[in-house]
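S.K.: These are the residues of each chain, in order.
There are 2 protein chains.
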Amino acid sequence: MILSALLTSVGINLGLCLLFFTLYSILRKQPGNYAVYAPRLVAQRKSEQRSDFNLERLIPSAGWIRQAWQPSEQELLMGFGLDTVVAMRIFVFGLRVFTFAGIVGIVILLPINYSGNQLSDDDSDLPDISLDSFSISNVEDGSNWLWVHFCAAYALTGVVCYLLYNEYGYISSKIIDYFYASKPLPHQFTVLVRGIPVSVGDSVSEKVGSFFSEFYPTVYLSHSVVRRTSKLHSLINEVKQLRRKLARLKLNGNASNRHKREGFLGIFGRRVNVIDYYEKKLEDLQEQVRMEQSSLAGKEVPAAFVSFKSRLGAATVLHIQQRINPTVWVTEQAPDHKDIHWVFFSTSFLRRFISYVLVVVACIVITILFLIPVAIVQGLTNLEQLETWLPFLKGILRLAFIRQVITGYLPSLILQLFVSLIPPVMIMLSTHQGYVAYSQIEKSACIKVLFFTMWNIFFANALSGSALYQIDVILDPKNIPRVLAEAVPGQASFFIAYVVTSGWTGVSSELFRLLPLISNYCRRLFCKKDDEHVEVPSTPYHSQIPKILVFELLGLTYFFLAPLILPFILIFYCMGYIVYRNQILNVYMSKYETSGKFWPLVHSSTIFSLVLMHVIAIGLFTLKKLPLASALILPLPILTLLFNEYCKRRFL
Amino acid sequence: MILSALLTSVGINLGLCLLFFTLYSILRKQPGNYAVYAPRLVAQRKSEQRSDFNLERLIPSAGWIRQAWQPSEQELLMGFGLDTVVAMRIFVFGLRVFTFAGIVGIVILLPINYSGNQLSDDDSDLPDISLDSFSISNVEDGSNWLWVHFCAAYALTGVVCYLLYNEYGYISSKIIDYFYASKPLPHQFTVLVRGIPVSVGDSVSEKVGSFFSEFYPTVYLSHSVVRRTSKLHSLINEVKQLRRKLARLKLNGNASNRHKREGFLGIFGRRVNVIDYYEKKLEDLQEQVRMEQSSLAGKEVPAAFVSFKSRLGAATVLHIQQRINPTVWVTEQAPDHKDIHWVFFSTSFLRRFISYVLVVVACIVITILFLIPVAIVQGLTNLEQLETWLPFLKGILRLAFIRQVITGYLPSLILQLFVSLIPPVMIMLSTHQGYVAYSQIEKSACIKVLFFTMWNIFFANALSGSALYQIDVILDPKNIPRVLAEAVPGQASFFIAYVVTSGWTGVSSELFRLLPLISNYCRRLFCKKDDEHVEVPSTPYHSQIPKILVFELLGLTYFFLAPLILPFILIFYCMGYIVYRNQILNVYMSKYETSGKFWPLVHSSTIFSLVLMHVIAIGLFTLKKLPLASALILPLPILTLLFNEYCKRRFL
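First to last, the protein sequences are chains A and B. When the letters of the first sequence are read in order and numbered with the numbering used here, they come out as residues 1158 to 1809. When the letters of the second sequence are read in order and numbered with the numbering used here, they come out as residues 1158 to 1809.
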């Protein structure tokens, strides 16, 4: 890629961003779109429903940026919970890291790279210069200038570790402050006990009661056994629906609708008064509900929530093994009541273990072999196939422009479609792993998506071979530095373009919310029942955090390879900081609070990025015929991993 | 190696074993050797001191075998503690595994191997047959007979896993029974707290007291702060020595010895009465001791033993993090008072972490690069070098027999010398790892010695290249199955010889205790103060368990490669079972009780051996042109590792 092509791409995407921002600033002021751009406020009835038209509504403005900028961290913490603050700290951390990296990269490394002569095409004009002239590939082999890159790698690692340590400390202190500031919550006094061993006919409730009043008489308060209520739930839902239907019928004065036939589909059978008919049905249902409720005692599941008089009591029970066999009376922290996922309470330890293993295997297979089905589907949709399948398109497909669009965009569209399926798929997989809380599921899915993204964005593109070739590389650890050092620098221009297209435009389309906008428009058009029920989307940590972290990975690994990428990443972090603050304030609502459980993930991912940078550095200095530098880099990954180990023990 | 050579080697070593056994059965009856062969009994004054001579004392007998066989496991448990029982269970487990493996190997696999024609030297007589004819190398490439080996691998894995599971369950139940059967011990009510944050001038004792009475008012009982007492200890030792000296002087009526000169070495200065002189010195010392004792309060270390009213209270404090910063108020189970290692109480968390890392690095370096210094030392002691250094040996070294002995035995003697240094070295390394109990140190040293032994016995011999070549192999995991499958079967005869020489003779020399015998003889000869003080050796788990486990590794990996090794290993386990029972009854004394903490090590080592067998099988079936079998073996290591994971969670 040459410089002018990069600038063109930057221009196009900058234009797209500005367009999205402008459209957003206009559309957000239209009352009909409040459900799209401020569902959180609508749900809290904070957004005033001005429907009077004025000109101001059509003029784009940047007021939302000021609004998003304003709230202090303390206000975010109090109003939106700790997870929100942790998510924003990822941006703050990224901004700090890449401000330092950007200054070092652009002021020191870039001139050195550009003054090199390895690629020897320095005679062309500035716009025609290959981007590779700005990368380390342009420095002569064995040149002493490479020691500057060497020092930069050490300096960046030091700075990142220092920032990581501070950030972890800061977040730990926030977690503590948050805990002290918030009221005592019921789930802090409660322990979830699973795997209660009961023989047939015994009552779980009695067993739990006698167990805890025997062993923890001073701290035990009460317990409630989990029961199988799916049938009751569906009955109650039916009752609710029927009630709503009846209310609607009674409101509608139309007498012609008041009769229907009893039998199949209302066509056959005796003609009856509809209201009488439904009222009788409702009574039947309510009777069934009462019967189901009274028979619930027999549907106990060997799991119970046990409450204690003090948090220390709950913590004691939580941390002490209750029985010789650790697979029975398994205790874990009770999730918040909004956070409970009810499916996996009855499964045994062994079944949970097996499903855990199966899910991990499935996740690995999906991650590694993802590109194979995608490639097959992409192959199926080539032009000849399309013409055979959809003959009526033949005429259109002959047009050169259409052909270009289809061959150029269809494969990447299909890839994007498949990629966008990954977060829901990973959530589904995590759901079957045996967790009892949505927050656990989301954290687990977040890890899976992170693995997937790093593999399929970074490795699959950098190594750019078949999946089996990539596995081959991973199975040959001795050669990893060499292979990466050969492959990674060459992909610098691809990744710069990736940051610009996927990063910048991704952030602005996150702001613009195209899909919810369309669905909202359709709903208003066809259903005509707007504002009846606004669904506030839950903060999608599991899909957003991996996206942000993958840019950090790109920034850190390309820091000394191709420092030109750094300003683009810095801009991404700036935009992301504002846009996500805005989304948090207006759109998303945390359904539960994990108390900063996502930060260790950010920490580990940053450590991984650093070590990957070191590994590439080792390979690169060898390729650049500077074996001494290569050897002297070796302590760096070891020290980084030790630092990680220390942090784990220091902050838990 | 041919069959007759093996038989010769077996004959020689069997002879050696019988010689050792005979000598043992005679020597153990000599009263002068009681301190060598029954120090435990002597220390407990159970061994009657018969000094009347009779003929029976000179006749070898097998009575000791009956004695060693007699005690039941329950008696061992009650009399010698749980660790002893666990150590004996290793033999029981090994006997069970290798009885099954031996039957399958000899009855099924051996005939199949022998009937193969791959090596095509089937015309020679039985004594001249190469041992390779009994190994899998003799089966034709691609032969369907190999599927029998395939099934045998699956069957053995299943049986071993079943036995492992049962054994773990059995030992867990023993641990629980032992706990219930023994009296409540003080250390079960006590928690060791380290890293107590104190500012200068504060009293640690007050801080600990107020902390625990504030947070655990109902269960807290008392505490005692650790103090720096090394100076006091040395003073008290001096006082003791002086008292003993005085007592001896007063007993010895010899007046000529009662005077000495005050000054340097008793040569110069005033002539004084020795007894008066020493008595005055003793008084001075006692005064110093009193002063030191009164100043102890100022020598507090930020660590304390905190006792609680109940075991549950202690467990609660143990398992709950006391403070936000997990590196202060670190709690751990207090070791038994006999088990405490006092050195590392004052060091901070960070220093312990650093010393831990350094020790691990040192251990890895020693393990991997061990053979390099050994080879250098062996090189230094070749004949020419010896002749240059010790010219007077020139005449002797010209004798052919002497030359053969020196060139044949000196290198292996030096290797043995270095190997025997490893357990003490590993103990020393573990000592610096920051543990506060000897049992922790020994367990950690045991793991280190196990790594070392497996690497330097199995891998170094099987791969038989330079250390760097071996590291190269490990860094190339894809090729590990192929490299192992090529190298390992060829070493079968070497390892059979190893089992016979090192295993059999090792066990019988363990019984014979040559070095203690010699040192006892010397002491009796020169010191003439026998029976004054018998030192009972501590059970050397850290050097013995790895030795036993390495034979298990050999047996499992060679099970289907060269089943001829199995009977020899079975004999080793039989001999070991009797000999170690005898040693435990008569010689060793456990200084502390770890409650079966060594078993997880045996478990992990067995799992490792199984997986190694599978890896070799994968490589071997590929080499033998049976790729389907190679692919079908793949699930086996995965299932084994999952089984291991399950066991870890099931038994903790």
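Check before you lean on any hint, since a few could be wrong.
Think about it this way: if two alpha-carbon atoms lie no more than 20 Å apart in a straight line, the pair counts; the simulated EDC-like pairs of lysine to aspartate or glutamate are [to be verified]:
#: 1; chain 1: A; residue 1: 1635; chain 2: B; residue 2: 1629
#: 2; chain 1: A; residue 1: 1340; chain 2: A; residue 2: 1232
#: 3; chain 1: B; residue 1: 1635; chain 2: A; residue 2: 1232
#: 4; chain 1: B; residue 1: 1397; chain 2: B; residue 2: 1441
#: 5; chain 1: A; residue 1: 1466; chain 2: B; residue 2: 1371
#: 6; chain 1: A; residue 1: 1635; chain 2: B; residue 2: 1441
#: 7; chain 1: B; residue 1: 1635; chain 2: A; residue 2: 1433
Calculated from the structure, these hints are not laboratory results. It should be emphasised that the depicted structure is a prediction, and the values quoted were computed from it without experimental measurement.
S.K.: Determine for every hint whether it applies to the structure shown.
M.R.: Cross-check of the supplied hints:
As the CA atoms of residue 1635 (chain A) and residue 1629 (chain B) are separated by approximately 8 Å, the hinted pair is consistent with the 20 Å bound. For the given pair, residue 1340 (chain A) sits about 17 Å from residue 1232 (chain A) by alpha-carbon distance, which is consistent with the 20 Å threshold. With a C-alpha separation of about 54 Å, the suggested pair residue 1635 (chain B) and residue 1232 (chain A) falls outside the 20 Å cut-off, and the hint is violated. Note on residue 1397 (chain B) and residue 1441 (chain B): the hinted pairing holds, with a Cα-Cα distance of about 13 Å set against a maximum of 20 Å.
Between residue 1466 (chain A) and residue 1371 (chain B) the CA atoms are separated by roughly 18 Å; this keeps the pair inside 20 Å, and the hint holds. Among the hinted pairs, residue 1635 (chain A) with residue 1441 (chain B) is inconsistent with the structure: their alpha-carbon atoms are about 68 Å apart, more than 20 Å. The suggested pairing of residue 1635 (chain B) with residue 1433 (chain A) is violated, with an alpha-carbon distance near 75 Å, which exceeds 20 Å.
Hints 3, 6 and 7, counting from the list given before, are not met by this structure.
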